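Okay, so the sequence shown: first residue is 0 according to numbering that gives the first Met the number 0, each after it adds one.
What the hints contain is simulated information worked out from the structure, not anything from laboratory work. In this text, all values refer to a predicted model and were calculated from it rather than measured experimentally. The hints are all genuine.
No more than 27 angstroms apart at the CA atoms, straight line, and that leaves these computed lysine-lysine pairs for DSSO-like:
1) K9 with K27
2) K45 with K27
3) K89 with K50
4) K9 with K45
5) K27 with K50
6) K122 with K89
7) K50 with K9
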Amino acid sequence: MYEIDALDRKIIRQLRLNSRISNVDLGKEIGLSASACLRRIGLMEKAGIIKGYTAIVDVVGEEAIAVIIQITLERQTEEYLNRFEAAVRKYPEIRECFLMTGGSDYMLRVDVESAGAFERIHKEILSALPGVLRINSSFSIRNVLSTRENRLLAGGGAPTKRSTS
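Start from the sequences, fold in the hints, and give me the full structure.
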(Lines of atoms letter the chains of each structure in order from A and count residues from 1; the text may use other names and numbers.)
(Lines give C-alpha, C1' and ligand atoms only; values in the text may rest on other atoms or scores of the structure.)
Protein backbone atom coordinates (compact mmCIF):
# COMPACT_ATOMS: atom_id res chain seq x y z
CA MET A 1 0.00 0.00 0.00
CA TYR A 2 1.43 3.36 -1.06
CA GLU A 3 1.35 6.05 1.62
CA ILE A 4 1.47 9.64 0.45
CA ASP A 5 3.89 12.08 2.04
CA ALA A 6 4.18 15.88 2.07
CA LEU A 7 5.73 15.98 -1.43
CA ASP A 8 2.94 13.82 -2.83
CA ARG A 9 0.40 16.18 -1.28
CA LYS A 10 2.14 19.12 -2.98
CA ILE A 11 2.01 17.26 -6.30
CA ILE A 12 -1.69 16.49 -5.84
CA ARG A 13 -2.39 20.13 -4.93
CA GLN A 14 -0.66 21.34 -8.10
CA LEU A 15 -2.40 18.74 -10.28
CA ARG A 16 -5.76 19.81 -8.88
CA LEU A 17 -5.00 23.37 -9.95
CA ASN A 18 -3.68 22.36 -13.37
CA SER A 19 -3.63 18.67 -14.34
CA ARG A 20 -1.85 19.54 -17.59
CA ILE A 21 1.20 21.12 -15.93
CA SER A 22 4.47 19.78 -17.35
CA ASN A 23 6.66 17.69 -15.08
CA VAL A 24 9.39 20.35 -15.44
CA ASP A 25 7.04 23.10 -14.20
CA LEU A 26 5.62 20.82 -11.52
CA GLY A 27 9.13 20.08 -10.29
CA LYS A 28 9.92 23.80 -10.09
CA GLU A 29 6.73 24.41 -8.09
CA ILE A 30 7.46 21.76 -5.46
CA GLY A 31 11.25 21.53 -5.48
CA LEU A 32 11.81 18.18 -7.24
CA SER A 33 13.26 17.12 -10.55
CA ALA A 34 10.89 16.42 -13.45
CA SER A 35 11.81 12.73 -13.37
CA ALA A 36 11.08 12.48 -9.63
CA CYS A 37 7.67 14.08 -10.21
CA LEU A 38 6.92 11.66 -13.03
CA ARG A 39 7.95 8.70 -10.85
CA ARG A 40 5.80 9.83 -7.92
CA ILE A 41 2.79 10.49 -10.17
CA GLY A 42 3.20 7.05 -11.70
CA LEU A 43 3.30 5.42 -8.26
CA MET A 44 0.18 7.31 -7.14
CA GLU A 45 -1.63 6.35 -10.36
CA LYS A 46 -0.66 2.70 -9.93
CA ALA A 47 -1.83 2.73 -6.28
CA GLY A 48 -5.17 4.26 -7.31
CA ILE A 49 -4.60 7.50 -5.40
CA ILE A 50 -4.71 9.43 -8.68
CA LYS A 51 -7.62 7.83 -10.50
CA GLY A 52 -7.44 9.90 -13.67
CA TYR A 53 -7.52 13.33 -15.21
CA THR A 54 -10.51 15.21 -16.52
CA ALA A 55 -11.45 18.23 -18.56
CA ILE A 56 -13.88 20.69 -17.04
CA VAL A 57 -16.09 21.55 -19.99
CA ASP A 58 -18.24 24.65 -20.02
CA VAL A 59 -20.97 23.35 -22.31
CA VAL A 60 -23.39 26.24 -22.00
CA GLY A 61 -21.02 29.22 -21.91
CA GLU A 62 -20.20 31.98 -19.47
CA GLU A 63 -23.86 32.54 -18.63
CA ALA A 64 -24.38 29.01 -17.31
CA ILE A 65 -26.64 28.68 -14.30
CA ALA A 66 -25.90 25.87 -11.88
CA VAL A 67 -29.06 24.32 -10.50
CA ILE A 68 -28.75 22.37 -7.25
CA ILE A 69 -31.46 19.73 -6.90
CA GLN A 70 -32.41 17.88 -3.75
CA ILE A 71 -34.06 14.52 -4.38
CA THR A 72 -36.02 12.52 -1.83
CA LEU A 73 -36.81 8.93 -2.71
CA GLU A 74 -39.96 7.02 -1.78
CA ARG A 75 -37.79 4.52 0.11
CA GLN A 76 -34.14 4.31 1.10
CA THR A 77 -33.65 0.61 0.39
CA GLU A 78 -30.64 -0.69 -1.49
CA GLU A 79 -32.87 -1.55 -4.45
CA TYR A 80 -34.26 2.02 -4.68
CA LEU A 81 -30.81 3.58 -4.29
CA ASN A 82 -29.27 1.32 -6.96
CA ARG A 83 -32.10 1.92 -9.45
CA PHE A 84 -31.91 5.68 -8.94
CA GLU A 85 -28.10 5.79 -9.30
CA ALA A 86 -28.15 3.62 -12.42
CA ALA A 87 -30.73 5.93 -14.00
CA VAL A 88 -28.79 9.10 -13.11
CA ARG A 89 -25.64 7.75 -14.80
CA LYS A 90 -27.49 7.63 -18.13
CA TYR A 91 -27.92 11.42 -18.32
CA PRO A 92 -24.86 13.60 -19.08
CA GLU A 93 -27.00 16.64 -18.23
CA ILE A 94 -26.64 15.63 -14.58
CA ARG A 95 -23.11 16.85 -13.86
CA GLU A 96 -22.86 15.69 -10.23
CA CYS A 97 -24.79 13.37 -7.95
CA PHE A 98 -24.14 12.96 -4.23
CA LEU A 99 -25.75 10.51 -1.82
CA MET A 100 -26.56 12.63 1.22
CA THR A 101 -27.40 12.48 4.89
CA GLY A 102 -30.06 14.77 6.31
CA GLY A 103 -33.33 15.90 4.78
CA SER A 104 -32.84 14.70 1.22
CA ASP A 105 -31.40 11.49 -0.18
CA TYR A 106 -29.45 12.93 -3.14
CA MET A 107 -28.04 16.26 -4.23
CA LEU A 108 -27.67 16.75 -7.99
CA ARG A 109 -26.17 19.56 -10.06
CA VAL A 110 -27.11 20.47 -13.60
CA ASP A 111 -25.90 23.46 -15.66
CA VAL A 112 -28.44 25.27 -17.81
CA GLU A 113 -28.58 28.42 -19.88
CA SER A 114 -32.11 29.38 -18.81
CA ALA A 115 -35.12 28.51 -16.71
CA GLY A 116 -36.71 27.08 -19.86
CA ALA A 117 -33.79 24.72 -20.36
CA PHE A 118 -34.16 23.55 -16.76
CA GLU A 119 -37.88 23.02 -17.28
CA ARG A 120 -37.06 20.55 -20.06
CA ILE A 121 -34.60 18.68 -17.81
CA HIS A 122 -37.16 18.66 -15.00
CA LYS A 123 -39.94 17.28 -17.20
CA GLU A 124 -37.95 14.83 -19.31
CA ILE A 125 -35.30 13.60 -16.88
CA LEU A 126 -35.79 14.43 -13.20
CA SER A 127 -39.50 13.62 -13.07
CA ALA A 128 -38.86 10.31 -14.83
CA LEU A 129 -36.16 9.07 -12.44
CA PRO A 130 -37.27 5.91 -10.60
CA GLY A 131 -38.49 6.09 -7.02
CA VAL A 132 -38.52 9.89 -6.70
CA LEU A 133 -40.92 11.24 -4.09
CA ARG A 134 -39.87 14.90 -4.03
CA ILE A 135 -37.73 17.28 -6.13
CA ASN A 136 -36.54 20.60 -4.69
CA SER A 137 -34.47 22.83 -6.99
CA SER A 138 -32.43 25.98 -6.30
CA PHE A 139 -30.81 28.21 -8.92
CA SER A 140 -27.32 29.50 -8.11
CA ILE A 141 -26.40 33.16 -8.35
CA ARG A 142 -22.67 32.56 -8.93
CA ASN A 143 -19.90 30.07 -8.18
CA VAL A 144 -17.70 31.55 -5.48
CA LEU A 145 -15.03 28.83 -5.76
CA SER A 146 -14.86 28.09 -9.47
CA THR A 147 -11.85 26.07 -10.61
CA ARG A 148 -10.81 28.67 -13.17
CA GLU A 149 -10.73 31.45 -10.56
CA ASN A 150 -8.81 29.30 -8.07
CA ARG A 151 -6.16 28.44 -10.66
CA LEU A 152 -5.66 32.07 -11.63
CA LEU A 153 -5.57 33.25 -8.01
CA ALA A 154 -2.99 30.56 -7.20
CA GLY A 155 -0.75 31.78 -10.04
CA GLY A 156 -1.37 28.70 -12.17
CA GLY A 157 -2.07 30.72 -15.30
CA ALA A 158 -3.28 29.05 -18.47
CA PRO A 159 -3.11 25.26 -18.67
CA THR A 160 -0.04 23.80 -20.35
CA LYS A 161 0.47 20.49 -22.11
CA ARG A 162 1.36 17.63 -19.77
CA SER A 163 4.87 16.36 -20.48
CA THR A 164 6.18 12.85 -19.85
CA SER A 165 9.82 13.93 -19.69
